[in-house]
Amino acid sequence: MMPLTMADPGEDQLIKKVGGREDTRKFLENLGFVPGAHVSVVSDINGNLILNIKDSRVALSREMAAKIMI
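If you want the numbering used here, it's the position in the sequence shown, counting the first as 1, plus 80.
Since the hints were made in silico from the structure, they are not lab data. Each hint can be trusted.
Below, computed lysine-lysine pairings styled on DSS-like, alpha-carbon distance capped at 27 Å:
1) Lys134 - Lys97
2) Lys147 - Lys106
3) Lys147 - Lys96
4) Lys106 - Lys96
5) Lys97 - Lys147
6) Lys134 - Lys147
7) Lys96 - Lys134
8) Lys134 - Lys106
Kindly produce the complete structure, drawing on both the sequences and the hints.
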């Protein structure tokens with residue numbers, strides 16, 4: 081397992097675990113970041129990640145993305 085921040089752009093990844101405090105996990109869950117979901121990094125802009133998840137594009141800070149394990 082490695083944090084989502086280490087994923088190469090364009091590669092489809094499977095989420096294995098979402099860490100962090102409960103409110104952080106709930107926030108990510110509501111965006112679709114749950115174990116078993118597929119996610120891919122679109123781009124990395126100034127440390128913020130643009131992600132594709134469930135046919136949506138979501139921007140997350142590097143700190144938040146580091147809590148998502150693939």
